[in-house]
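Peer 1: Same order as they appear, the protein sequences are chains Z and P. Numbering of the first sequence is given in my numbering, commencing with residue -10 and proceeding in unit increments. Numbering of the second sequence is given in my numbering, commencing with residue 228 and proceeding in unit increments.
These aren't lab readings, by the way, just hints derived from the structure by calculation. Careful: at least some of the hints might be erroneous.
What the hints assert, rightly or not - Here are the simulated EDC-like cross-link-like pairs (lysine to aspartate or glutamate), alpha carbons at most 20 angstroms apart as the crow flies: (1) LYS403(P) x ASP390(P); (2) LYS95(Z) x GLU317(P); (3) LYS403(P) x ASP374(P); (4) LYS78(Z) x ASP469(P); (5) LYS302(P) x GLU402(P); (6) LYS78(Z) x GLU463(P); (7) LYS95(Z) x ASP24(Z); (8) LYS95(Z) x ASP315(P); (9) LYS78(Z) x GLU460(P); (10) LYS82(Z) x GLU37(Z); (11) LYS349(P) x ASP267(P); (12) LYS60(Z) x ASP85(Z); (13) LYS349(P) x ASP390(P); (14) LYS302(P) x GLU292(P); (15) LYS445(P) x GLU416(P).
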Amino acid sequence: MKLFGRTLAILAISAAALFTASGLALAHHGAAAFDTDKMVTVKGAVTELVYMNPHVQVHWETKNEQGVLEKWQGELTAPNKLTRAGWNKNTLKPGDQITVSGNPNKNNPHTLWIRKLVGPEGNSLPLFED
Amino acid sequence: MARTLTLATAVTWLVWATSISAQAPASSAASAAAAAPKRDLTGVWMIRNPAGMRGYAGATFTKEEPEMTPWAIAKYKEAKNTNGGQYDLETTNDPVVTKCYPPGTPRVYFHPYPFEFIQTPKYVFMIYEYDHVIRRIYTDGRPLPPDPDLTWMGTSIGRWENDTTFVVDTVGFNEKTWIDRLGHPHSTEMHVTERFRRTDRDHLQIDFIITDPKALVKPWTSTFYAELRPQWELGEISCSGDYLEFKAFEK
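The following block holds chain Z by itself, in its conformation from the complex (with noise of 0.2 angstroms):
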């Protein structure tokens, strides 16, 4: 699949879900909130990393494909265990072009429980502690 710039792509996911309150308070609990058959993949410019507990927490904005900007959020594992991996909070800062790949909120299609994450040199970065 090609990606332009900052146009979304997304993988086997229907367009039209509305936005809705999040459940994603409720991921910590479980990926319940979470569609696990589904995997999306987005890329875009970070406008904030949350470096907080109970699970760190990435904001970006995606170009769609009418060339509009969408707000994007995503959520990780916990900081000390980010951390553990090699991350700090300075790790992705606004303005870091990222490709997201993840699970979306099943009320919120913007939302993702991230599995994979390309930081802005192009490569994977660790997700989990060892």
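Position chain P relative to chain Z; hints supplied.
Peer 2: Below, chain P alone, put in the same frame as chain Z:
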């Protein structure tokens, strides 16, 4: 990242070392493991159970249900845990999730974070990364209190059964905690025995024996496994500060 490089270097070294040792007739895989130091559990450990346990060990001690008394069965039916996806943050009655109650012993092992042993002449500290939980395990020879005050993590004494096995007995629990993440209940009469057996420098076997005449028909036993993490440091996790405010992410 630096850590990845270190890991890659270690793996490379391990492959090299293994190939060398394979050529030496006196060597075996078992002798490659460094011996456990004597009477010392100091360090950071992480539960790493074998793959065969992963279906249940993140939430409970055994694949099979423990044998419970009618009192415990009735209480267990009231538990609305968050493991199966049936109950969420709004509907669960998990005391840790809803109120940030201390997890209690032994439920603390079901939080997927490391713990650290710190040994002093009179007691051993166990520090769990999850929510700064600390247990003080007396090793000064005192007996278990016959009528202990009731606390979240209990009152603990420990003794070295041999040079690599540290046995901890804990009593004196309030009834506000669950035994595990599924919500199995216990009473104030619960007695938890943890037998920490350091099988080599890097591996710890934890045998649990949970007795509770009011809740369990017979002792509930299980064995968990932990690995030493020499490069790790415990970080900060605050349930009341971090978890209860996580809804902010919904905005």
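Peer 1: Hint by hint, say whether it matches the structure.
Peer 2: Taking the hints in turn, this is what the structure says about them:
1. For the given pair, LYS403(P) sits about 36 angstroms from ASP390(P) by alpha-carbon distance, which is inconsistent with the 20 angstroms threshold.
2. Of the pairs offered as hints, the one joining LYS95(Z) and GLU317(P) holds, with about 16 angstroms between alpha carbons and a cut-off of 20 angstroms not exceeded.
3. With a C-alpha separation of about 18 angstroms, the suggested pairing of LYS403(P) with ASP374(P) holds against the 20 angstroms cut-off.
4. Among the hinted pairs, LYS78(Z) with ASP469(P) is consistent with the structure: their alpha-carbon atoms are about 16 angstroms apart, no more than 20 angstroms.
5. Distance restraint check for LYS302(P) and GLU402(P): the Cα-Cα separation of roughly 11 angstroms lies within the 20 angstroms cut-off, and the hinted pair is therefore satisfied.
6. For the given pair, LYS78(Z) sits about 14 angstroms from GLU463(P) by alpha-carbon distance, which is consistent with the 20 angstroms threshold.
7. Of the pairs offered as hints, the one joining LYS95(Z) and ASP24(Z) holds, with about 6 angstroms between alpha carbons and a cut-off of 20 angstroms not exceeded.
8. For the given pair, LYS95(Z) sits about 13 angstroms from ASP315(P) by alpha-carbon distance, which is consistent with the 20 angstroms threshold.
9. At most 20 angstroms may separate the alpha-carbon atoms for a hinted pair to count; LYS78(Z) and GLU460(P) meet this at roughly 17 angstroms.
10. Between LYS82(Z) and GLU37(Z) the alpha-carbon distance is near 7 angstroms, which keeps this suggested pair within the 20 angstroms criterion.
11. Straight-line distance between C-alpha atoms of LYS349(P) and ASP267(P) comes to about 14 angstroms, which keeps the hinted pair within the 20 angstroms bound.
12. For the suggested pair LYS60(Z) and ASP85(Z), the alpha carbons sit about 15 angstroms apart, so the restraint of at most 20 angstroms is met.
13. Of the supplied pair hints, the one linking LYS349(P) and ASP390(P) holds, its CA atoms being roughly 17 angstroms apart against a limit of 20 angstroms.
14. Using a Cα cut-off of 20 angstroms, the hinted pair LYS302(P) and GLU292(P) holds, with the two alpha carbons roughly 14 angstroms apart.
15. Annotation: proposed proximity of LYS445(P) to GLU416(P) holds, straight-line Cα distance about 13 angstroms (limit 20 angstroms).
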